Every structure is written in structure tokens, then in C-alpha cells.
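**Student:** Here are the chains, one letter per residue:
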Amino acid sequence: GAVVSQHPSWVICKSGTSVKIECRSLDFQATTMFWYRQFPKQSLMLMATSNEGSKATYEQGVEKDKFLINHASLTLSTLTVTSAHPEDSSFYICSARETSGRETQYFGPGTRLLVL
Amino acid sequence: AQSVSQHNHHVILSEAASLELGCNYSYGGTVNLFWYVQYPGQHLQLLLKYFSGDPLVKGIKGFEAEFIKSKFSFNLRKPSVQWSDTAEYFCAVNGGTGGFKTIFGAGTRLFVKA
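Respectively, the protein sequence lines represent chains G and F.
Going by this note's numbering, 46 is the number at position 46 of the first sequence; the sequence numbering is gapless.
Going by this note's numbering, 1070 is the number at position 70 of the second sequence; the sequence numbering is gapless.
Hints are computed from structural coordinates only; laboratory data are not their basis.
Here the structure is a predicted model, which is why all the values come from computation and not from measurement.
For glycine and all other residues, C-beta sits at the position ideal for the given N, C-alpha and C.
Among the hints, a few may not be true.
[To be verified] Partner residues are not named here, just some residues of chain F that face chain G (Cβ under 8 Å, in silico): (1) Leu1044; (2) Leu1046; (3) Lys1049; (4) Ser1052; (5) Phe1067; (6) Lys1069; (7) Ser1073; (8) Phe1090; (9) Phe1100; (10) Ile1103; (11) Gly1105; (12) Ala1106; (13) Gly1107.
[Unchecked claim] Straight-line distance between alpha carbons at most 20 Å, and here's what the computed PhoX-like set of lysine-lysine pairs gives: (14) G:Lys55 x F:Lys1101; (15) F:Lys1049 x F:Lys1101; (16) F:Lys1101 x F:Lys1061; (17) G:Lys55 x G:Lys14; (18) F:Lys1101 x G:Lys64; (19) G:Lys55 x G:Lys66.
Given these sequences and hints, build the entire structure.
**Tutor:** Right under this line is the structure:
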């Protein structure tokens, strides 16, 4: 089946620094990738939809200047948490939708971010 | 606005008991429906999906779900659970007026007692 990877799986950083998280589709091309945030014991909250070669579409309440998304190729999307603060600590999950048009999304393993 | 609701936040069952997890959605148009499972410490995995056709969908590990359009429901079932089914289960919907954007329910934590 389709595989999506994320890097890093864990990151600890100091408050005020920026952190970049990569999401890659390993064996398929993904025109669209999605970024989610999952708080402890809660569901996934969609943050933004990332389309290759264009600007990301952010959900209401998500700061686009805080969470920078770049989808430069059909296999890579990045999420940069700028000037991270402790409240940004969370589990960030990406998913990718195949270019062929199937509606199934394949999820990455997630990145746990801890901001001190 | 599109929404997905899961009826139970926590379910505790003994092994061999039958399972039914409720999921209702609020979406306009033709939708695609999914159930995902997240085992402790692991990432989301697709259990089953419904796009069209037979409303009774069979997935992996003995799970099945039934799409009832008139009730806007997509309940997950398993006739006999195992200890290894302990996990969190998420219902998700996309399509219709929401396009490719997938909305997840709040999740149901299932704990199966051995």
C-alpha cells in the first residue's frame, strides 16, 4: 500500500525557534497533502490543505504566518512552525491523497513537537 | 458546516463481545466515508471505506460498516472483538460540499478486556 513518511518523528525545541516538519509520499505522487494537529485524547484537527505548486488553504483559526506550508513537489510537503511557543506543542500528522484521484488519504506516522 | 459525530467516547468490552460504534455526519451531496484505527503508539490506519455501491462494506480484521443514507450514518461493527482491537477508532468523511477535505469525528476509545 501507499506509504507516507514524516521527519522528524520527535522534536524538542526552545521557545522562539522555528521547526520544520517534512511529509513525503514514498511510492506515489500526491497532488494534495493535508496537515492535521492532534491534541492528547482528541481527534485530528485539519490545519491546512496543501496543493503542489500553489498556496496552501488554511482552516479557520489557523495562523498562516505561524504555520508555513510549502508543497514544492508531488512527493514532499513541509510544515514550518515559526517562533514556536509551548502552546504549539502537539502531535502533527500529515496525509497525502493520490494524484490519480482516489479519495483515500494515506497518513504519516506523525511528528511529536515539544516546545520548552 | 460539515461535521462528523461519534456517539461514544469510550467503550469497554470483554473479548468475544460484539461491537458497534456509531457515526453520523452532516454533509451535503455525495460523500465518501471512512473508518480509521489508531493503535496505541501507532499512526492512523485505514480500516475500511465507502465510496459507492453496496452500502455494507467489509474491511480488514473482521470489521464492517453499513452506510445508511437516510440516517446519515456509517456505523462500524465487529461480531466478536479481541484484546488486540484495543485502539482508538475515528470515523471520517470527505466529498460532497466539503470537497477533498476530510473531517474526522472525535474518536472512540475501545478497550477490550482479556
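**Student:** Hints first: check each against the structure and report whether it holds.
**Tutor:** Structure-based check of all given hints:
1. Leu1044: holds, 4 Å
2. Leu1046: For F:Leu1046, the interface hint holds, since the closest Cβ of chain G sits about 7 Å away, which is under 8 Å.
3. Lys1049: Holds: closest Cβ of chain G sits about 6 Å from F:Lys1049, inside 8 Å.
4. Ser1052: violated, 11 Å
5. Phe1067: violated, 14 Å
6. Lys1069: violated, 17 Å
7. Ser1073: F:Ser1073 check fails; min Cβ-Cβ to chain G is 18 Å, beyond 8 Å.
8. Phe1090: Holds, because the Cβ-Cβ distance from F:Phe1090 to chain G comes to roughly 6 Å (cut-off 8 Å).
9. Phe1100: holds, 6 Å
10. Ile1103: holds, 7 Å
11. Gly1105: holds, 6 Å
12. Ala1106: Cβ of F:Ala1106 sits 5 Å from chain G, so the hint holds.
13. Gly1107: Holds, about 5 Å.
14. G:Lys55 x F:Lys1101: Holds - the C-alpha atoms of F:Lys1101 and G:Lys55 are around 16 Å apart, at most 20 Å.
15. F:Lys1049 x F:Lys1101: holds, 15 Å
16. F:Lys1101 x F:Lys1061: Outside the cut-off at roughly 27 Å; violated.
17. G:Lys55 x G:Lys14: The given pair, whose Cα atoms are some 28 Å apart, is violated under the 20 Å limit.
18. F:Lys1101 x G:Lys64: holds, 17 Å
19. G:Lys55 x G:Lys66: holds, 15 Å
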